Amino acid sequence: MTSALPVLRGTLDLLVLRALLARPKHGYEIASWLDRNAGGNLAILDSAMYQALYRLEKQRLIAAEWGVTNNNRQARYYHVTAKGRTHLRTETSSWLRYASTVSDVLTAPLAAE
Amino acid sequence: MRHLDAIAHGIRRVFRLEIRHDGDRERELDEEIQFHIEQRAADLIALGLSPEQARAEALARFGPYDESRERLLESARSRDEVLTMIDRFENFSSDARYALRQLARSPGLSAAIALTFALGIGVNAAMFAVIDRLLLRPPAYVSHPETITAFAYGPKDKSADQHFQRTMNYPVYKAVRDRARGFTDVAATFDTPVPIGRGEAAQNARGLLVSGNYFHLLGAPARLGRVIGPDDDREPSGEAVVVLSYDYWTSHFGADERALGRTLDIANRRFTIIGVMPPGFSGLTVEGADLWMPLSAGAAPLGLGGKWATNNLGTWLRVFARQQPGVPVARAAEDAMRVAREAAPAAFFTGPRWNFGALPLRSIRGESAGMTSSVARVLAAMSFIVLLVACSNVANLLLARGLRRRSEIAVRLALGVSRGRLVSHLLTESALLALLGGVVALLVAYWGGNIVFTRLFTDLSVHDSAVNVRVLAFTAVVTIATGVLTGLIPAWQTSRLELGSALRSGDREVGHSSRTRSVLLVAQAAMAVTLLFAAGLFVRSLAHLGDVRLGVDVDRVAVGTMDMRVVSRTQAEADLIFAAALDRVTKVPGVSHAAIAATSPFGAAFGANVTIHGRDSLVRTDAMLNVISPDYFRTLGARMLRGRDFAASDAEGAPRTIVVNEMWATRYYGAANPIGQCVDVGDSLPCAQIVGVLENVRRQSIFEDSTGSVYLPLAQGRRFLSNRQLLVRIENRHPAGVLETVRLAMQTAAPGLPYADVQLLADNDTVRREFRPYRLGAILFGVFGLLALSLAAVGIYGVISYNVGQRRREMGVRIALGAQRRSVATLVVRQGVAVTAVGVAIGALVALVGSRVVSSLLYNESARDPLVLGAVMIVLLATAVVACVIPAWRAVNTDPVTALRSD
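If you read the protein sequences in the order shown, they are chains L and X.
Numbering follows my numbering, with no gaps: position 18 of the first sequence is 18.
One rule links them: number in my numbering = place in the second sequence (from 1) + 1000.
Treat the hints loosely; a few may be bogus.
As the list claims (entries may be wrong) - Far from chain L, some chain X residues (derived; all Cβ distances over 10 Å):
1. D1043
2. Q1324
3. L1456
4. I1702
5. L1739
6. L1744
7. Q1806
Stated by the list, open to error - Label pairs and their calculated CB-CB ranges:
8. T101(L) / P1051(X): 44 to 54 Å
9. L96(L) / E1408(X): 47 to 57 Å
10. K83(L) / A1096(X): 15 to 25 Å
11. Y98(L) / D1024(X): 57 to 67 Å
12. E1038(X) / T101(L): 39 to 49 Å
13. T86(L) / D1030(X): 30 to 40 Å
14. T86(L) / Y1098(X): 20 to 30 Å
15. A1255(X) / K83(L): 56 to 66 Å
As the list claims (entries may be wrong) - Reference listing, derived: stretches of chain L covered by chain X, where coverage requires no fewer than 3 residues with Cβ under 8 Å from a Cβ of chain X:
16. 22–32
17. 37–47
18. 78–89
Just so you know, the hints here were simulated from the structure itself, not pulled from any lab data.
Given the structure is predicted, the values throughout are model-derived calculations rather than measurements.
Every residue, glycine too, gets a C-beta built ideally from N, C-alpha and C.
Can you make the complete structure from the sequences, with help from the hints?
As structure tokens, then:
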């Protein structure tokens, strides 16, 4: 396994939004979801993820309220707002275009030159 | 303390201020982090780590704990701040949208409320604008006016602000300017009408002669060209230069910059225009001037004589000074007095009984020291009552509307809208209405303020708008306060709504709010009584003042003046010119009588020594002297009490005759008949026989105790005649309309005459100023009172007709049971009148107690005049009856069937 990749700030926000798209989650659930889906390839400090959560809340892309977990513990649950969904959609498509463009450029055949 | 906290918390909740404390936030954060770390540790334990290892790993994955926590806390704080702000704004804008929808739903009521606000706030804003102009506004273009003082002096036992004497003469001024310590600049001014040009093109302007350092003292720059400097003002005769006011420049030179260097023929000298002052500049007084000239250049030509600089007897200069920093005013004034005593030991005002005072500028500006400003202050205070009446009226209307919306509000409450939000909804509505009213109020202030000034203060130079930043700020504050206060009662009442009963009873009223509305009605009636009472007192004062027998009909008599000194004609020539003018003026349609005289009522005063013969010893008396042509008394409208008027037979060379006034006759002859007695006027004259006794004619003030006066026929008293005036009596409906014809007739009596000025005595500055406080009080209190009365009428109408609507079923039942229509109507009217009567009684008490405030401002009128109070009470009760007529009519015509069938 190669060492974990650092994550850019704007990217982390996108990932967190994506984590919440299906259903509201509390902080640890988001962290677990990210671990699971990144296959452990992304190095994200938990505190950095919370920074991202608060940042997104401030921009009103997500909102939070206190709820109760399955084993009856108090936890702060986050959900994506309508504004957040729109934001995620546009940012995702532009990220994908960016990534494919960069990868196209990086993998362009040398013979063509 | 706990109560206070609870209240503070309640207020914060109502206004949705941020309740979350830093402690709460920190606790939440810690809880969240703790939960996270525990969860991760638990998962790691499930994977086989020991609890210690799991915890260490979880902490490591979290990041450096203390530092991260600190940064997270910071983020959370900034997040909360932004969210609260957005939240508040969204609540507000949703409230505003909701309120707008509500207001649009009943546009008539909304307009009525906004208009009521507009009148209430507008009256206050207009009064503030008046007060602002009279008392608060600092002189324009004058630097640091607070360090400029005006000289005055008066008897030692009076305090400085009671010093009435404001003028001194040139030698004293010069001494004070050069030698008194404690002032940096000491400047002198003399205001005088200035005749410009000759013949038909002649004009009069308001001039101000100023010492060379005047503009330096003020720190005022010219808009164009330059101001007068010390080099222009040199004794005995300074530079013939003149500075124009902006208005004069605009109206006479079309605001042409080439006016600089052109000349004006003032008196018998040619003055060059050197500058134009900026618009709104009026020097240190509110009255302002059209042009400014160096003292030394204008004094001699404008009739002050060649010895103006050394003449030590009269007083004519107003003196202003800028204080030296750090020197107490009182000490500086004392030193000025010392200098004045040295300079003019013989002058009456340097005697030991007299004292100098240096008054703050604001005390001499405009009317500030006078009665008009006292009346204006009372009016401003009273305008607040108008606002209160308007507020209680609006509160009543809002209450009524709140009641009609009870079901809607109950539903909203049931749906979980918090009472705080509800209150803020209702407050937003009243605030919006007040805002609307406030905007209209500015128009009211603008027009109202201007009307007051153009009608009552024509002598003040008013350049700037009635509405300035201060008026704007005042209106804004009043508007906001009004909106919130007015909305508070209805909002509070509505928010106390009991859900169950409101949903059940629908829109029918229960309990306390009807009581609140009656209390508001009572208050309105009481305030209306107070205002109307004040209005009545001032109207009566004005009437008393109008009834005072002045000995002259100021509304019919005009005085024509022409400054003959400036054309340097001989006495004989002047006589011929005035005789021609008299002849022409008499022929003007509408003129019934005309006369020539040395002076006229409220004009300059000439004194004379009158010696009485035929007594045991010679008695020398003082009297005011006038020299007059035969028709003078008929022109004034003054009555002869005894003897005869002068006639053509009292010619030069004929036996000398004299007319004395009642005051003089009783003072020296008591009850005896003075006719036929012989007196000397002046020294060394053959005696003149008293041929008539005239009623007392006011000389200098409509309030004066009459002075002793004697009159000589023109033909025999020429040697006392230094100045001539034309007096004209106009007998038609509109005397002011004839003035210009009279003026032209006088102006063209001979070619090349200086400007002929013709003015009704009623427009004389003295007369107008003396009438003004009463006029101001009568007019504005009248407006306030009528406003309050109509608001009260609307209020009574609203409440009673609402009550009738509420009691429709009851009325239906009564009528169905055979009640007389008459008794139903009485029932309704009685209700309205009863509430009003309580208000009237309270108002009468308040008025009787409160009228002490205005008692010193009234003329010959008791501040507890029962006649006025009785009339006001009757008017109010009658208004209540009238206001009840429509609701009563509606009650009488209730159809029992429909009333009983409906809910």
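Query - Hints not upheld, ascending by number - result: 1, 11 and 18
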